[in-house]
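Undergrad: Residue numbers (the working numbering), protein chains in the order written: chain A, 5 to 344; chain B, 5 to 344.
Keep in mind that the hints are not guaranteed to be accurate.
Any copy, or any two copies together, can satisfy a pair, since identical chains are not distinguished.
For lysine-lysine, the following DSS-like pairs were computed, each having C-alpha atoms within a straight-line distance of at most 30 angstroms [what the hints assert, rightly or not]:
#1 LYS130 x LYS15
#2 LYS31 x LYS15
#3 LYS130 x LYS31
#4 LYS244 x LYS15
#5 LYS31 x LYS244
No lab work stands behind these hints, which were simulated from the structure alone.
There are 2 protein chains.
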Amino acid sequence: MPINWYNQSVKISDAGGENAIIEIARKASCGLPVERLGLGIGDDAAILRFGEDDIVVTCDLLVENVHFRTDWASAYEIGWKSAVANISDVAAMGAVPRHALVSLGLPDADLDFVRDLYEGLGSACKRWNSAAVGGDTVRSEVLVVNITWIGDLAGASAVLRSGARPGDLLMVTNCLGNSLAGLRLLQNHGRDGAIEVSAALVNSHLRPTPRVEAARAMTATGAVHAMMDLSDGLAADLPKLCRASGVGARINSQDLPISSELVTVCRTLGWNQTEVACVGGEDYELLAAVDRERLNEVSEAARSAGSDVTVIGEVLEEDRVILVGSGGAESRLPDSWEHF
Amino acid sequence: MPINWYNQSVKISDAGGENAIIEIARKASCGLPVERLGLGIGDDAAILRFGEDDIVVTCDLLVENVHFRTDWASAYEIGWKSAVANISDVAAMGAVPRHALVSLGLPDADLDFVRDLYEGLGSACKRWNSAAVGGDTVRSEVLVVNITWIGDLAGASAVLRSGARPGDLLMVTNCLGNSLAGLRLLQNHGRDGAIEVSAALVNSHLRPTPRVEAARAMTATGAVHAMMDLSDGLAADLPKLCRASGVGARINSQDLPISSELVTVCRTLGWNQTEVACVGGEDYELLAAVDRERLNEVSEAARSAGSDVTVIGEVLEEDRVILVGSGGAESRLPDSWEHF
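This is chain A alone, in the form it adopts within the complex (with noise of 0.2 angstroms):
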């Protein structure tokens, strides 16, 4: 019986797009008695056991036209992004980044492109003590980046999302925002006029810093009670923090840390930088809640790997998220990024 998938009744859109799609697969794993596993469906990275330490794996799928544009963004870029979406997520568990598998699906393009691109790739191998073992290579009309990242904990204990406590204080690394803001340039203004505007926030779009060293730093501390790493944006990440933890959230916005390069684009341009911050995903920045008696530990760590760290809120007992305005008024988070 011949299949038409594309117009059917209950699109994934209306069933609660990725969120339903988790649940599925969950389903489909239930009940399996696996071997090995420490941890499945649900956080940064999923958790195996094979030796005396865990090892962490996770995987990011890039789709030409979805996730970039190869004409704003460079082969190298587009190799380099790719690492980082997975290199952050391994870091995000605590983990030390190892081992990539590298699944291609290209046109039959010009050969230098590749080359560029595993360039790129190879560059945040380089960085993060990494290597591509293995992989997969396929013809496909657009160009589709899958990429699977293994990392080991190397005698630390996974931070999962699930263990923010009441009371625990939310901080995050450096900056949030800058990602999204340099999409939007890019966006309006194609990639020379975005980098006139400001070569700052397209650098932020295009060449992602995962926090590694900081994620290993706060980690050591033992004071991180949960950590995951900001990819769809702090108003779609935190409420994923909260339910893993059965918590729920208060957000300041006047302390969410906004780049000066930032704040000078949103003036010009007329945008409302909270709501960049809120929403802007692939910060690939770390949300971490904190025992509060030990902040300045957590920071320390934190800045002494090269991050700064600002609090950004607090853990509530209740179930709800909510951000507090300059003028104490209270309101939800703004919509935040859904795939479908």
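Chain B: place on chain A using the hints.
TA: Here is chain B on its own, set in the frame of chain A:
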């Protein structure tokens, strides 16, 4: 500097197709000090050293209208076959499949399509004691499925492509060419028409079986010097095994195991059955180079694990792969599948 990577000078297809990309990947990873790496790019799976037992990791990327068509294959079958392609690679290393990471790129499809896809995937997981432990889900114009599978050697030693020795016998499990015959029937007659001609051949294409049990049993004898799964077809895969081992091979065309269904269809439709058996990919049968003295032992092991085996030729010292016809005439293997 914007890049137009579709219309440039040296295309992938001109540079050697997938092999050219594998070379780039190898070079990009070369020279890095990689911890816990047993084996990198170039076999059915990579080998990582995380504990007392090595683990293996492999991935496969499938793209709609390149690797499957949704008017031929149901969502269940796409999920099943995506799993099998990976499980087969894990098995061909002599390892036990354990965990899957599933990346899906999807249009805003009917949610039941996703449910059926996961059901097919889940059935394969159940049958071979695995589970989906993570993944990624994104929007895409066409369906994209990338699965990464992790297995462990569970006390066994990995069997590589590189261990074949001159004098070894070459054997394959079960029959060759059924999957390609099924594909051709689907191409020529559509799903319903193809099933009418031969449900068995169509089934071989849409619901292949990985030879997990046979691989373990054959490996356990210690007499298998090299092994790989036939995913691109004998004509593409045997030369890979020979290159990895630094040997050649002689195959006897009249010894190729061909199912009675394939014989019948070839006779009816005027297909050359040797050509179908040689170039046909996606059979997921095993190709093994086996100690000549211990042939019976390996055959018995495979049969006790549910797979017939056939000796199709032998490993040569000289660096060439030849096919001996029924009259004794020698020729090269037919042109094989290439992604680009």
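Undergrad: Does each hint fit the structure? Answer for all of them.
TA: So, going through the hints one by one against the coordinates:
1. LYS130 x LYS15: Classified as between; 27 angstroms across copies, 42 angstroms inside a copy.
2. LYS31 x LYS15: within (19 angstroms within a copy, 43 angstroms between copies)
3. LYS130 x LYS31: For LYS130 and LYS31, the Cα distance is within 30 angstroms only across copies (13 angstroms; inside one copy 38 angstroms).
4. LYS244 x LYS15: Cα proximity of LYS244 and LYS15: one copy only (23 angstroms, versus 44 angstroms across).
5. LYS31 x LYS244: within (19 angstroms within a copy, 39 angstroms between copies)
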